[in-house]
Amino acid sequence: MARSWLALACTCLMAGTSLAEDLRPAGDRGLRLMTIDPLQTGGTPSGLDLRLTMMDQMGSASLPIRRPQAARDIANEPSLLLREGIGSVSADLMDAVSVAIEESDLVRSLSAEKRAAQAGVSRASAAFLPTVSGNAWVGGDRDSSLSVNDPGMNAGISIALPLLDGGQRLYTKRSAESRALAAAAELRSVTESVALETINAAIDLNLATRQAKVLEDNLRDLGTLRKAVRGRVDAGRATEGDAAELEAELSDVARTLVITSSSAAKSRAILSSQLRQAAPGGFKLPNLEAVPRRGLDALVDLTHSRNSGLKANWHRFDAAENGRKVAKGRYFPRLDLKTDYKTSRTTRTSRNTDGWSVGLQLTVPLVDLTTTADVREADELANAAMHRALSEDRKAETQLRVDWIEVQSATKQADLSRRKIKALRTSYAAKVDQYHAGLIPIDDVLLTRRQLTMATSEELEAVVTRFAAITRLAATSGLLAEIVGTESGKEPRRRSKGETTGIPDGGEPRPSLPGVVIAR
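Position one of the sequence shown corresponds to residue 1447 (the numbering used here), numbered consecutively onward.
Check the hints yourself; a few may be wrong.
Below, a list of computed lysine to aspartate or glutamate pairs in the DMTMM-like style, where the Cα atoms sit at most 25 angstroms apart [to be verified]:
| hint | residue 1 | residue 2 |
| --- | --- | --- |
| 1 | Lys1877 | Glu1623 |
| 2 | Lys1712 | Glu1904 |
| 3 | Lys1730 | Glu1549 |
| 4 | Lys1560 | Glu1623 |
| 5 | Lys1771 | Glu1823 |
| 6 | Lys1877 | Glu1843 |
| 7 | Lys1659 | Asp1611 |
Honestly, the hints are just simulated from the structure, not real lab data.
Predicted model, so just to flag it, every value in this text is computed and none were measured.
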C-alpha cells in the first residue's frame, strides 16, 4: 500500500514538472538545466544543455547604452595640445602630466563633488538666518451663530529665527566645512593619482624605446658577426653548427625586440587615451634629485602633514565627530523667536481682522527613542572614521619607507650594472678577436654578448625603477604638485575642431605626422 502511494506521488511530481516546463515563457526555457533529472544526468547538466543555455542568455536582446547629449559634447570637445605638437618625437613629461590632468574626466568628477560639498556649507550657514513663509486660504467658513456658510479668505506671513538648538546648527556647519575640506583633499589625491599614471606610462614608454634601441644594436652587431662566421665556414675553419647557433641567437633577439615593441605600443595607447592625442615617441624627464636629498625623516614629516589622502581621511573624521555632536544636540531644548502677521476677510458677515503676533517658542524633547540610536550610530561612525584615518597614516608611512628602500637599492643596482657593462664590453671585444683567431668556440662569444645585452637592460630597468620610486616619494610626501607646477613652463593650448588628434580610425598614432610647436 505504501509503495502504491509513493508511486502515485512520483507520477504527480513528474507531471507537474512537465506542465511547468510547457507553461514557462519561451525566453526562460534556456534555464531548464536547473530542472534536469539528476537520475538521468548523474546530477550534472550535459555540455550541450550548458551551451544552449549560454547561447540563449548571451544572445538575448539588451538595451543600448544611453549617453546624454552633454556627455557626447564633452567627449567631442577639442583636447589640449602639447607644446611640442601632435605626434612629436619627444615631449616634456610635466607638460604631458598637465594635459592628462586637464583632460581627466575623473578629476572633473571630483571637482563637481567638491563644488557640491561647498554648496553644503552654504546650506548649513543659511540655517543661522531667519526663515520667512507665507500662506493663504480662500473658501467657505460656517459661522456658528448664523448657521450659514460665510465665504472669505485669509493670508499670513510667518518669520522664524532659531535662537538655541543645542549647537545643532553650529556643528552641522562645521561638519559641512570638514566635508568640503575632505572633498578638496580627495580632489588633490585623485589628481596626483592621474599624474602618477601618466608618469608611469611615460617612463614605461621610455624604457621600452631604449631597450628596443639596445636590441637593434645587438642585432646589428650579430649581423656583422654572422658575415664573419659565414666566411670562416666557407673557408673550412668553422662548422655549420657555429652558423646555426648564431642564427638561433639572432631569432631570440628578434623575438625579444617584438615583445619590447609591443610594450612600447601599449604605453603609447595608454598615453594617447590620457592625452586625447597621439602620444609622443618619448619624454624628457625632469630632475627629481631634490626629493631624495631631503632625507627620509623629512619626507616622513611631510607625509604626515601634506599627504592629500591623509588630509581627506582626517577631514572626514572631523565631519563625523561634528555629526556626533549634532546628534547629541537633539537632547537639548530648542528656542525659536517667531513673528506672525495674519489678515482675514469674510463676505456675509464682513468680519475683517488683522494683527501681528510675536513670541518665543520653546520645544523640549521628552520621549524620542530614535535619538538614542542616532547618537550611538554617530559615535560608531566617528570611531570608524578615526581608525580608517589611523590605518591610512600607517599605510602611507610604510609605502614611503618601501619606496625609499627601492630608491637606494635601484641606485646601487644601476652603479653595479654600469661596472658590469664596462667589463663585458672589454670581454666581448677580446672574445671576438679570439674567435677570429680560432682560439675559442662561437658559444663563448654569444654568451658574452647575451650577458652584455642583459646587463644593459638591467641598467635601464634600475634607472627607470629609481625614477618611478622617486615620483612615488614626491606624491606621498605632497611634493608632486610643486614639481608639476615648477617644471611646466608654458601652458598647452586647446586644439581647434579643425585639427586632427594624430590618431587615425584604427587607433594607432601616425608615426610620420609632423608636429608644430604652438603654445598659448
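The hints, checked one at a time:
1. Lys1877 with Glu1623: At roughly 72 angstroms apart (the allowed maximum being 25 angstroms), Glu1623 and Lys1877 break the hint.
2. Lys1712 with Glu1904: Satisfied, since the Cα-Cα distance of roughly 21 angstroms is no more than 25 angstroms.
3. Lys1730 with Glu1549: holds, 21 angstroms
4. Lys1560 with Glu1623: Roughly 11 angstroms between the alpha carbons, so the hint for Lys1560 and Glu1623 holds.
5. Lys1771 with Glu1823: holds, 12 angstroms
6. Lys1877 with Glu1843: violated, 50 angstroms
7. Lys1659 with Asp1611: violated, 73 angstroms
This entry does not satisfy hints 1, 6 and 7, going by the numbered hints stated previously.
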